[in-house]
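Colleague: Spelled out from the first residue to the last, the chains are:
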Amino acid sequence: MTNNLIGVLLEDSALSLQELARACAVEPDWVVRHVETGVLLQDGPAPGQLEAWRFTSVDLVRARRLREVETVFDANAELAALVVDLSEEVARLRRRLQVLGAE
Amino acid sequence: MERTVEYKDYYKELGVAKTATEAEIKKAYRKLVRKYHPDVSKEPDADQRTKELNEAYGVLGDAEKRAAYDELGRNPRPQGEQFRPPPDWGSSYESSPGMDDSDFFADLFAHVGGRRRAGGGFQMQGEDSHAAVTIDLQDSYQGARRHIVMRVPQADEQGRVVTRERTLEVTIPKGVTEGQQLRMKGQGQPGSGGAPAGDLYLEIRFQPDARFRTEGRDVFQTVPVTPWEAALGGAIDVQTPSGTVSVTVPAGSQTGRKLRLKGRGIPAAQPGDLYLLLEVVLPPANDAKARELYETMAREMAFNPRQKTGA
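Quick note, the sequences are listed as chains A and B, same order. For the first sequence, our numbering assigns the number 4 to the initial residue and increments by one for each residue that follows. For the second sequence, our numbering assigns the number 14 to the initial residue and increments by one for each residue that follows.
Hints in this document: simulated from the structure, not taken from any laboratory. The structure displayed is predicted, hence computed values, not measured ones. The beta carbon of each residue, even a glycine, is placed where N, CA and C say it ideally should be. Misleading hints may appear alongside valid ones.
Chain B stretches covered by chain A per the calculated footprint, using a threshold of three residues with CB under 8 Å from any CB of chain A [what the hints assert, rightly or not]:
#1 213-220
#2 236-242
#3 261-267
The following label-pair restraints were derived from C-beta to C-beta distances [as the list claims (entries may be wrong)]:
#4 Glu77(B) <-> Leu100(A): 40 to 46 Å
#5 Pro48(A) <-> Gln283(B): 17 to 23 Å
#6 Asp15(A) <-> Arg179(B): 38 to 44 Å
#7 Ser205(B) <-> Leu100(A): 43 to 49 Å
#8 Ser16(A) <-> Ala248(B): 27 to 33 Å
#9 Gln151(B) <-> Arg95(A): 22 to 28 Å
#10 Tyr307(B) <-> Gln101(A): 18 to 24 Å
Chain A with its partners taken away, still in its complex shape (with noise of 0.2 Å):
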């Protein structure tokens, strides 16, 4: 049986505070938790009202990585952001060296 869907971006239709946690396999105070410390950043208007956060791509890909880290290498919060933060630098430089054609 083939289904024919349609992608939704989630740059056009963004994550609530609850669809992200669903997607994380996480609670939502893990979340919350992560963007009071920032460590995480939401597309909202206001950081009291949790029912206006947002989340997109980006957001939902480094939720995950923050989450993986954590888990497989009992990390804090803290160190876990370091490492996400240098991957995501590694990533973009390698973007970098792609574009200047050095690699």
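Put chain B on the given structure of chain A with help from the hints.
Modeller: Below, chain B alone, put in the same frame as chain A:
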């Protein structure tokens, strides 16, 4: 459609004994995943090994899946019969054409999200699933359709576990960029007790193409030009991701000159730009006529590119 998969010795994969404790398994995985992580590893098969390690740890690192896997090991199947994965193995995905699953789980973190969570009552929404789909850069200019094969373990009439395949035809909208996530509601793991299914998230990846590089919506393309096109300028035809474009090379161009074609990057309300990087290519001096032309230039052109270096 039923499909079986090959038996894999996950304990061997992680280099641990079958009696290993949870802590020992985690320790072995941590060590190996660092060794083969694609960001740092110099091992030639780092991507493949990381994928295999993730698969092994995905099973042995989860008490329930490990128990089901061990059960299979204790009840060996008749020779020739293939390994059938236990229930709740987690589904995996393939994209077609090509049915090459190398796109999936290539990243250390790509498999996260499959953990079960405690749910209230007997109803529980299905887990969200994550996979990746690879498209050509040109597909992002026009939109594309891809077939995703979803493998879901199910029990058959005899109570045996088989994997059934469900094919999804996914429309990928125009204007996607690398790394973006597409969400398909209700296409993840089935729910229990009448609860809704989870969602499926697909990460967009671009097939590597020697001609193009991207950074967000901006596209970069190297364009070879002749010395006379670079020196004298003029119109040249360039095959861009959106088709052939006539581009004017300014006179006096050198290798590395960047020409910006505004709005010809990946389309969007604010489309990216296309950058053409000129690369002057010298014709070979491999016959008498070519050599004569070079010799004439050497004799008649006062040109010393090393002048500024004091040579």
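Colleague: A separate judgement is required for each hint: does it hold in the structure or not?
Modeller: Here is how each hint holds up against the structure:
{"no.": "1", "hint": "213-220", "result": "holds (count 3)"}
{"no.": "2", "hint": "236-242", "result": "violated (count 0)"}
{"no.": "3", "hint": "261-267", "result": "violated (count 0)"}
{"no.": "4", "hint": "Glu77(B) <-> Leu100(A): 40 to 46 Å", "result": "43 Å, holds"}
{"no.": "5", "hint": "Pro48(A) <-> Gln283(B): 17 to 23 Å", "result": "22 Å, holds"}
{"no.": "6", "hint": "Asp15(A) <-> Arg179(B): 38 to 44 Å", "result": "25 Å, violated"}
{"no.": "7", "hint": "Ser205(B) <-> Leu100(A): 43 to 49 Å", "result": "47 Å, holds"}
{"no.": "8", "hint": "Ser16(A) <-> Ala248(B): 27 to 33 Å", "result": "43 Å, violated"}
{"no.": "9", "hint": "Gln151(B) <-> Arg95(A): 22 to 28 Å", "result": "24 Å, holds"}
{"no.": "10", "hint": "Tyr307(B) <-> Gln101(A): 18 to 24 Å", "result": "34 Å, violated"}
In this structure, the earlier hints numbered 2, 3, 6, 8 and 10 are contradicted, and the remaining ones agree with it.
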